[in-house]
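*Asks:* The residues making up each chain are set out below.
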Amino acid sequence: MSKEPVAVTGIGQTKHVAARRDVSIAGLVREAAIRALADAELTWADIDAVVIGKAPDFFEGVMMPELYLADALGAVGKPMLRVHTAGSVGGSTALVAANLVAARVHGTVLTLAFEKQSESNAMWGLSLPIPFQQPLLAGAGGFFAPHVRAYMRRSGAPDTIGSLVAYKDRRNALKNPYAHLHEHDITLEKVLASPMLWDPIRYSETCPSSDGACAMVLTDRAGAARAPRPPAWLLGGAMRSEPTLFAGKDFVSPQAGKDCAADVYRQAGIADPRRDIDAVEMYVPFSWYEPMWLENLGFAAEGEGWKLTESGVTALDGDLPVNMSGGVLSTNPIGASGMIRFAEAALQVRGQAGEHQVDGARRVLGHAYGGGSQFFSMWLVGSAPPGS
Amino acid sequence: MPEVLSAPLVLEFPFTRSLGPVQSAFLTGLRERVVLGVRTTDGRVLVPPVEYDPVTAEEIHDLVEVAPTGTVTTWAWNHAPRRGQPLATPFAWVLVRLDGADTALLHALDAPGPDAVRTGMRVRVRWAEERTGAITDIACFEPHDGEPAQPGDSTGAFADPLRGIVAPARLDYTYSPGRAQTAYIGALSARRIVGERCPSCRKVYVPPRGACPTCGLATAEQVEVGPRGTVTTFCIVNIKAKNLDIEVPYVYAHIALDGADLALHARIGGIPYDRVRMGLRVEPVWTEGARYPDHYRPTSEPDADYETYKELL
Ligand SMILES: [Zn+2]
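Note that the protein sequences, when read in sequence, are chains A and B. Each residue of the first sequence is one higher than the last, beginning at 1 in my numbering. Each residue of the second sequence is one higher than the last, beginning at 1001 in my numbering.
Isolated chain A (complex conformation):
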């Protein structure tokens, strides 16, 4: 028996900001969920199950969100699941929800991811004082910066590529009303002049710390037929994992990322991603990851990704726009960031992305990664149902 086609018929986000002191965590997730239901013109009674994801527990100290948030998400009397995969969790959560529809376990599923970074300290969560170990010296940026240097050495990319990405994404964010950072006076010169935090990573090339939530309504063909607005159709979705550290690990282009993308392309019948995919929302918490992931995802040959960035191919009006929403560099509620990528990809193929819409986007990839580049989740969504 073939899989049930899965459609995205509702999308909701909060306006992402540094601190939402006016709402509880329940109030925050509720806001995104209500907006997704309104977009799909559904009520709580139409939802068969809820799948929720969030950042690792120490990041905000909520150990059982599925328990705490069941009534806020209308899940009483329904199945409720929680997904964990570090920073990629928003993507994995959406895929677990999609699989429930594809397997015909449920007809319509609400999926949601969130984080209130203002109520905790992710840096603390990442540097727990483990006995007998030397304290980690550098935090998240320090963990990823040596890999960026390795990419620069391997590819011969000019030093300025990271700043070009940051400038592009922050400019794109100005067209996205939900983005956290709206830096109206940003210039490339300012990005290039921002201080080096973890050389080769500059301050302006790093993501902010945000409070926010994102929700989607996923449904079957019957649900899509009743939808008031054009749905996004799932053409392929996959997850892959690998250890954080192992002999032979390629941090610049992890094997799990390549395998995950290949699986998605196989499901969707994509022979040449550069030709067949119109735009990408990828997880870029430090700007240099744009050229790195362009290679890992097969949009450029090894060592060539930075050329797409430099020549403007990844700009909003380029031939392969990347992070039209402003990306993680402009909005980072960690637990929700992966789902925002997936939701923004869906908005594009629905033609609902507003000012940051890519004209005629028919197939768009959403991408997330997490941990020490060890979890990957991706989906490709299209404006037409699979097989059409």
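Calculated directly from the structure, the hints in this document are not laboratory data. Warning: the hint list may mix true and false statements.
What the hints assert, rightly or not - Only some residues are given here: those of chain A computed to face chain B with a beta carbon under 10 Å:
| hint | residue |
| --- | --- |
| 1 | Leu28 |
| 2 | Val62 |
| 3 | Met64 |
| 4 | Asp71 |
| 5 | Val76 |
| 6 | Pro79 |
| 7 | Trp124 |
| 8 | Phe132 |
| 9 | Val148 |
| 10 | Ala150 |
| 11 | Ser155 |
| 12 | Glu242 |
| 13 | Leu245 |
| 14 | Ala271 |
| 15 | Asp272 |
Positions of the beta carbon are idealized from the N, C-alpha and C atoms, including for glycine.
Given chain A, put chain B with the ligand in place with the hints provided.
*Replies:* Then chain B with the ligand, alone, in the frame of chain A:
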């Protein structure tokens, strides 16, 4: 086999929580000696109140005051109170349905012993003398043999409402690094760096973790590596971390020790930070009494060729 190391690991953090309208009113009410519930769509009064109707999922905010007296609906005796619990002497955990409420609130009951507690007994709130807007503003419950108290008519509007709270969390673990790391740490005390080799893929892991992450096999064969190695990649850290007594800028590097198949992470010293480069040959610098090398410094060898370490970044 030598005894495996273990040590206490305490994780604690003062998480903050924004309250939202309903919890803000409830906790501010406690500060003012008022217990509030919320009325659901079907007319029940839930205490403590919630933001969303558990039956219809609708947002609810019709706050109603209930009485500070009520009935125990069930209980359990706590023989040995722990740190941070409401009372220091043995007490009963009770669910109390306050007069005017349809659901019960969990709290402590001050009673002389389990024989003095029963389901159905009448109790009343004992307020804390100093109240800040927290569940501990109710110090505990105590037996009550008078009439039910009359609730006031608060609807949850207070001057200077509480918007957020600090919710400190603390976890106490006993941490053990396991056999392989215990052996590694033991060797370090003799200033030797000893990894373990996978019996299948023959890769040498430093520090060893007792199993090969690729093959899933236990490792046992010990292999001394280094002490010299090659800087495979690095970053220059310009932000000073709390609790770390290291001057910035400093270089945080991946170092492939000679004979190891995975780079370890350490600080580079003994050279200006802006002269550190990929391929630099380094050796450990030990300080008296420290478990790990303090940092690595350049040797006088020529730089390693990129081809020799490009798989070890
Ligand atoms: Zn092995």
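*Asks:* Against this structure, judge whether each hint is valid.
*Replies:* Against the structure, the hints come out as follows:
no. : hint   : verdict
1   : Leu28  : holds (9 Å)
2   : Val62  : holds (8 Å)
3   : Met64  : violated (13 Å)
4   : Asp71  : holds (5 Å)
5   : Val76  : holds (5 Å)
6   : Pro79  : violated (15 Å)
7   : Trp124 : holds (6 Å)
8   : Phe132 : holds (5 Å)
9   : Val148 : holds (8 Å)
10  : Ala150 : holds (4 Å)
11  : Ser155 : violated (13 Å)
12  : Glu242 : holds (9 Å)
13  : Leu245 : holds (6 Å)
14  : Ala271 : violated (31 Å)
15  : Asp272 : violated (29 Å)
Consistency with the previously given hints fails for numbers 3, 6, 11, 14 and 15, ordered from lowest to highest.
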